[in-house]
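Student: Spelled out from the first residue to the last, the chains are:
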Amino acid sequence: MASNKKYWKSEAELNPNDSIVEALRNNEFTEEIPVDEFLGDKENLSASNTSRRDFLKYVGFSTAAATVAACEGPVHKSIPYVVQPDNIVPGVANYYATTIADGFDFASILVKTREGRPIKIENNADAKVNGGANARVQASVLTLYDSKRVQGPMANGEPVEWKVLDATMKAKLNALKGSNKQVVLLTQTYASPSTTKLIAEFKAAYGDNVSHVVYDAISEDAALNAYNKAYGERALADYDFEKAELIVSFGADFLGDWQGGGYDTGYAKGRVPKNGKMSRHVQLESNMSLTGANADKRYPMTPTQQKIALAKLYGKLNGSSVGGGTSDVDEAVDKVAAEIKKAGSKAVVVSGLNDENAQTVVLAINKLLASEAFDSEKPKYVRQGDAAKVSKLIADMNAGRVGALIMDGVNPAYTLPNADEFLSGLGQVDVSVDFAYTHDETAQASSYVAAASHYLESWGDAEFKKGEYSLMQPAIRELFDTKQFQTALLTWMGVEKTYYEYIKETWSTDILQGGSWNKALQDGVFAAPTMVMDAVEVETVQTDAEEEQSGIVPIASAIRSLVNATSPGTELVFYSKVGMGDGRQANNPWLQEFPDPISRVSWDNYVTVSKADAESWGLENTIEADGGVNGSYVNLTVDGTVLESVPVIVQPGQAVGTVGLSFGYGKKAGMQEEMATGVNAYTLYSNFSDVQSVTVEKAGGEHEFACIQSHKTLMGRGDIIKETTLEIFNTKSHAEWNPMPHVTLNHQEIPVTSPDADLWEEFDRSVGHHFNLSIDLNACTGCGACVIACHAENNVPVVGKREMRRSRDMHWLRIDRYYSSEETFELDNEKKEGMEGLFGDKGALGGFGEMEDPSANPQVAFQPVMCQHCNHAPCETVCPVAATSHGRQGQNHMAYNRCVGTRYCANNCPYKVRRFNWFLYNNNDEFDFNMNNDLGKMVINPDVNVRSRGVMEKCSMCIQMTQKTILDAKRDGRVIKDGEFQTACSAACSSGAMVFGDINDHDSKVAELKEDDRMYHLLEHVGTKPNVFYHVKVRNTNEA
Amino acid sequence: MKKVLYRHLFSKVLGLTLLLFSSSFYAQEETEAAADVATEETADATGGDPVKGKQLFNQNCAACHSLDRKMTGPALANVETRLADDEGLDKEWIYAWIKNSPGVIASGDAYAGKIYAEYNQAAMTPFPTLSNEDIDDILAYTAAPPSTPAQTAVATPAGGEGSGGSTSGISNEMILGALALVFGLLVIMLILVNKTLRRIAEANGVVLEKEKEKRLPIWKAFVQNQFLVLVTVVFLLLGSAYFAYGYLMQVGVDQGYAPVQPIHFSHKIHAGDNNVDCKYCHSSARVSKTSGIPSLNVCMNCHKSIYEYTGNPEGPSAEDLAAGHTNEFYTGEIKKLYKAVGWDEENQGYTGETQPVEWVRIHQLPDFAYFNHSQHVSVAGVECQTCHGPIEEMEIVEQFAPLTMGWCINCHRETNVKVQGNAYYEAIHEELSKKYGVEELTAAMMGGLECGKCHY
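Protein chains in written order, with UniProt numbering: chain C, 1 to 1040; chain D, 1 to 456.
Certain hints may be false.
No more than 16 Å apart at the CA atoms, straight line, and that leaves these computed lysine to aspartate or glutamate pairs for EDC-like [unchecked claim]:
id: 1; chain 1: C; residue 1: K712; chain 2: C; residue 2: E501
id: 2; chain 1: D; residue 1: K418; chain 2: C; residue 2: E372
id: 3; chain 1: C; residue 1: K497; chain 2: C; residue 2: D1012
id: 4; chain 1: D; residue 1: K339; chain 2: D; residue 2: E319
id: 5; chain 1: C; residue 1: K977; chain 2: D; residue 2: E426
id: 6; chain 1: D; residue 1: K52; chain 2: D; residue 2: E133
id: 7; chain 1: C; residue 1: K392; chain 2: C; residue 2: E377
id: 8; chain 1: C; residue 1: K274; chain 2: C; residue 2: D928
id: 9; chain 1: D; residue 1: K434; chain 2: C; residue 2: D166
id: 10; chain 1: C; residue 1: K297; chain 2: C; residue 2: E823
id: 11; chain 1: C; residue 1: K148; chain 2: C; residue 2: D928
id: 12; chain 1: C; residue 1: K378; chain 2: C; residue 2: D166
id: 13; chain 1: D; residue 1: K435; chain 2: C; residue 2: E620
id: 14; chain 1: D; residue 1: K54; chain 2: D; residue 2: E133
id: 15; chain 1: C; residue 1: K712; chain 2: C; residue 2: E850
id: 16; chain 1: C; residue 1: K177; chain 2: C; residue 2: E158
id: 17; chain 1: C; residue 1: K342; chain 2: C; residue 2: E372
id: 18; chain 1: D; residue 1: K336; chain 2: D; residue 2: D367
id: 19; chain 1: D; residue 1: K289; chain 2: C; residue 2: D968
id: 20; chain 1: C; residue 1: K77; chain 2: D; residue 2: E133
id: 21; chain 1: D; residue 1: K289; chain 2: C; residue 2: E852
Computed footprint of chain D on chain C, listed as stretches where at least three residues anywhere in the stretch have a Cβ under 8 Å from a Cβ of chain D [stated by the list, open to error]:
id: 22; stretch: 257 to 266
id: 23; stretch: 935 to 946
Source of the hints: derived by calculation from the structure; they are not laboratory data. Glycine included, every Cβ here is placed at the ideal spot set by N, Cα and C.
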């Protein structure tokens, strides 16, 4: 049908005399293509060496050469060892127990090595304290292969030999001996008995003017001082959240890095309903933290309000009346106090307020309650930084009173708010040595850079908690010409001993008490015999008694000062991200690409702002057409220091009147350009206080985030994350809170799992193994250790910020985070159910729009999602080349070499877990991460393919691990025990949320979990019959 | 095939030479027999039997001692007389030393101490089980080693074998020759008969009609017959497609690939002639996915004492000679090993200067295929030869199997899983047997054809 309609492309076409229109009619482009610029220039053309004939020759030759070269296969060389070490068998992994104690992360771990190369970090099940490796510890194996490492000692920017450096330092130290100038060791927290002893000996060797200053980039000073006052030791009280029935946290992110972290295991154990009971968790906080996201009840409060609430709570519990303070927290305090009173000694109160008074009160409350979860007798030593000493050191340096400064594991030029002062002071120091891992800010300013070894190349020991020791042993020889700090100290002291011998001596005299060194080394951990503990107990009881006599007055004054806290306007609250910590591993691409569990933003830090504040300041997040999230910029001003162009994320749950900013980003020195992301929050961290009064001012421009989950809410789809309350869970049948979806067949309702409702015939899976993965949403804290573990095990490539923004992330395992739109998810469901028609108050059109908006204080739920390994997989039926198929062990296989990249499977996957290799991510300068350099490639798991461009990939349920377990059993001729089958994620899950196993082994844990009432499948109604199942999240909403 | 023919030619020549020179062999044998008599006489003098002594020496002493060469221990030729002359030590001292050398050292004996210090303070293993007579035998052997009677003994059968080989070669050649001769005769006879017939015909006045009827040349006829052209073209296309497919399918299949290695390591000598178990050197095949190229220290377990190649007693075969594989050649290869591993033969110690050997890899599975040796070797009990071919006969190792997926799959389809005596398989075997109604299960029935079992 012909039409007379004329379509016009621009307004100009309406004007028939327009010259552009005329030009466009004849030419494709309005501007001439500058062919003449080159071809018109005869001189240029004739000067060119390549004639047309030459060009044809080159083409002909290269085509012929390429053809001929393709005819012959490459010659591969195989070079065996000359002398093969006894314990290395090529192709077989060895595991060594060791310890990470890098000053921020402390954990007893196992290292998996292949052909002598560490390739993976695992949890050490023997460890009672900090046996779980978090995301950063999991990723630390890649930091070993950091291409930006300092590869040898340097003097004033020039490479130097260790001999020279050692001789210089010895001479310098001897010269300073007895002088009035100080020799200062400025170090990280070691929590190491041997290092403590060594430093004491070093002091003895080089005189009284030697001092040791411990510096934590993120200070826990208040808690250390408070404990010191109460118990006479700079340490941190320990908490066992498994024993608590009620956990009240005043801003303590104890599932994150609060007081050194490592509390998630105990917490998660108490969160799984057992015999109708689970712990209740109340969180009062300003930023939305991982801990707050897991809480049953969360009160958004500014730090000032938290202080007042804490003081009032103490009053309520103590029976004394605490006057003063604002009354807006009274309601919350009343409720919490009532709950605590009911729980009695089963309650525990913790606080993350960096305020000595607050910490003192928390210790007092726990003592008052006689909390079972509170352990003051065997404290933790994982944070020892002393802010006052650091401040004094900087003053001394600037006054020229420091002769030598020896630094290890610290980067004050980056982490100090007054870095300028430090740097000017460093100029006054006669000789400064920095044991640096990269050419960071401090290393660049020091006179000597001592190349430091990675912890996987070092010997060491640690005492995380009193009486709980662990050992660090090297898993690989130093990759470069590096030395660890302790070895250098021994050399400088003139001791002809290795640090290994030194530790062994220390242990045999002070720690082992007859225990076996070899066994301790093999286990990686050693618990001091209980006899010693008794002695300690007696001691602490005495201090307790003393404290009680004299301790009443300080509490009263602490309460007074807390309750009189006044808000300094908008409060900036610093925090550390799960993926970045204090930023010492910022050059690690795995961690940069790790999406923050709460904001789901990778490759950035940002200021988190509440919705109300964002509206009043005119800040917003928008979603662009390509799915990327954009955000406004603000300038943050603290005490005259301005941090410019900080991107904004509007964060549900952020307390109004507060903004949050994470540490660890904005590092520039010693970093690969791609990894130098974000802004440096330390510049505003004055006086080591994590709460600052801030002025927020909107700045121009828009920031492009690499956020991989732009959709925030669950939209009332309760079948994705099933939730219920403890009350309903205990009283009603599971058909009510965990209903099975039904479909209609011949006008009869039948459950969707019924064989009649199925398109396919069921396959017999009763023989052999049938793997299932159980994920308990109650135990999952969203910590993301599994994400990094999966990354390491399966050679998942890093794609960079630009690709992440386009949702082309390659993570095989993601942790979805959902907010509720109403106060709770339950109300969301009700709202959705109650919708009527399209328009009006209850209309679906407006209603769904509203439901996209998360609440100001939402409930949060986490859900790890990987390939569900459906028994009736939609992806398998649409693959035109049968590249994805099903194994009888339940795994959905993916043959990469068969895949042609149609991506039908990804389109047909209801769970969106398939990942497509849009580019070649290895050996490609466009993706200059660990797979693009020889050093970084050493971390690659030799048992798993490195995928090429154009193929689909996805979670394989770690088939390389299950196959290995089966093979080991076959070789030994034995039956496989429950617990032997593992996947990378289930092995990394220290909270026990993920359990993997064989459901055909009817006595296995996973078989038992599959029969549990809480079990459900994701999108059960689709009928895919997945081999991954979830457990309904139960919230303890029982208020006292 | 060509090679084989040449080999036959060679053996033929060899056979002839052997026949020619067999008389000189007999002469040599006679002199050796005389020598044997002589050694027997000396043996009688020392009271030992050198033949028995040789056996004992090889069993107990040869790992560390040689007759004329310093090894882990000193050279032992004429040790008895040497000790008696130089050190004044009698037989009793030797008895004591051999039976309990640490004891002698501990007793503070001067010479014992000297020897102990000279050989890196490594005491000799005591041999309390050797009787004085045994030691006498060994001493007799060291005094005058019997010249290897084997040389002559084996020479005859070897010669016989050689001639046997050549007879078979000759017979084949002769049959072929005879056939050619018969064929030639037949052709000649045919021509002769033809000529005779023509002559008879001419004589009888029969005119041979030369049919000169103009027929279309055959190619023109062919071109005109379009159907035939079509059929031919179709066949040609199909044929070339078949060969093109065949050619393309073998791209990347390196069957028969036998590269030259930096050290000429003969599997034939090790696994064949000397019956060294494959897994003695390729030990990781038992526990690992890779069979492991032996590290050089494994070679040195034996080659510390095997410093030269003495080869077949009758000397290198003609085939070896043709390839240049003389005894000296092999000994040279052992020296290459010493150089690589840094072994100083003079001082019997490692210098520490090593040069790792860059072997050329022969069997190369692509990275996307997972193969585990231990699964096949330890669990399934598959012989190495099943996939690697008659490795014990290979002078230069070549890839025997195509290593294609079809080859893997076929084997998985046909091979029964070895379930006996393996507790892992018990339950699964019972249930699967019931399911499939068979007693023996193939790897395929166990799931051995699933993609993900090898591709991840």
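Student: For every hint, state whether the structure bears it out.
Tutor: Against the structure, the hints come out as follows:
1. Taking the CA atoms of K712/C and E501/C, the gap is near 55 Å; set against the 16 Å cutoff, the hint is violated.
2. With a CA separation close to 57 Å, the supplied pair K418/D and E372/C exceeds the 16 Å bound.
3. About 58 Å separates the Cα atoms of K497/C and D1012/C, which puts this hinted pair outside 16 Å; it is violated.
4. Distance check on the hinted pair: K339/D and E319/D sit about 28 Å apart at the alpha-carbon level, beyond 16 Å; violated.
5. The suggested pairing of K977/C with E426/D holds, with an alpha-carbon distance near 15 Å, which does not exceed 16 Å.
6. With a C-alpha separation of about 10 Å, the suggested pairing of K52/D with E133/D holds against the 16 Å cut-off.
7. Restraint check for K392/C and E377/C: not satisfied, since their Cα atoms lie roughly 31 Å apart, outside the 16 Å limit.
8. A C-alpha spacing of about 49 Å is found between K274/C and D928/C, which places the hinted pair above 16 Å, so the restraint is violated.
9. In summary, the hint linking K434/D to D166/C is not supported, as the alpha carbons are separated by about 74 Å, beyond the 16 Å threshold.
10. Note on K297/C and E823/C: the hinted pairing holds, with a Cα-Cα distance of about 11 Å set against a maximum of 16 Å.
11. Restraint check: the Cα-Cα separation between K148/C and D928/C comes to about 13 Å, which is no more than 16 Å; the hinted pair holds.
12. Pair hint K378/C plus D166/C does not hold up; C-alpha atoms about 39 Å apart against a cutoff of 16 Å.
13. At most 16 Å may separate the alpha-carbon atoms for a hinted pair to count; K435/D and E620/C exceed this at roughly 63 Å.
14. For a cut-off of 16 Å, the pair hint linking K54/D to E133/D stands: about 13 Å separates their Cα positions.
15. With a CA separation close to 12 Å, the supplied pair K712/C and E850/C stays within the 16 Å bound.
16. Straight-line distance between C-alpha atoms of K177/C and E158/C comes to about 28 Å, which puts the hinted pair past the 16 Å bound.
17. About 14 Å separates the Cα atoms of K342/C and E372/C, which keeps this hinted pair within 16 Å; it holds.
18. For a cut-off of 16 Å, the pair hint linking K336/D to D367/D is broken: about 32 Å separates their Cα positions.
19. Among the hinted pairs, K289/D with D968/C is consistent with the structure: their alpha-carbon atoms are about 12 Å apart, no more than 16 Å.
20. Taking the CA atoms of K77/C and E133/D, the gap is about 54 Å. The hint is violated against a cut of 16 Å.
21. Using a Cα cut-off of 16 Å, the hinted pair K289/D and E852/C is violated, with the two alpha carbons roughly 52 Å apart.
22. With 0 residues bearing a CB less than 8 Å from a CB of chain D, the stretch 257 to 266 of chain C misses the requirement of three and the coverage assertion fails.
23. Evaluation of the coverage hint for the stretch 935 to 946 of chain C: fulfilled, as 4 residues show C-beta separations to chain D shorter than 8 Å, against a requirement of three.
Against the hints set out earlier in the document, violations occur for numbers 1, 2, 3, 4, 7, 8, 9, 12, 13, 16, 18, 20, 21, 22.
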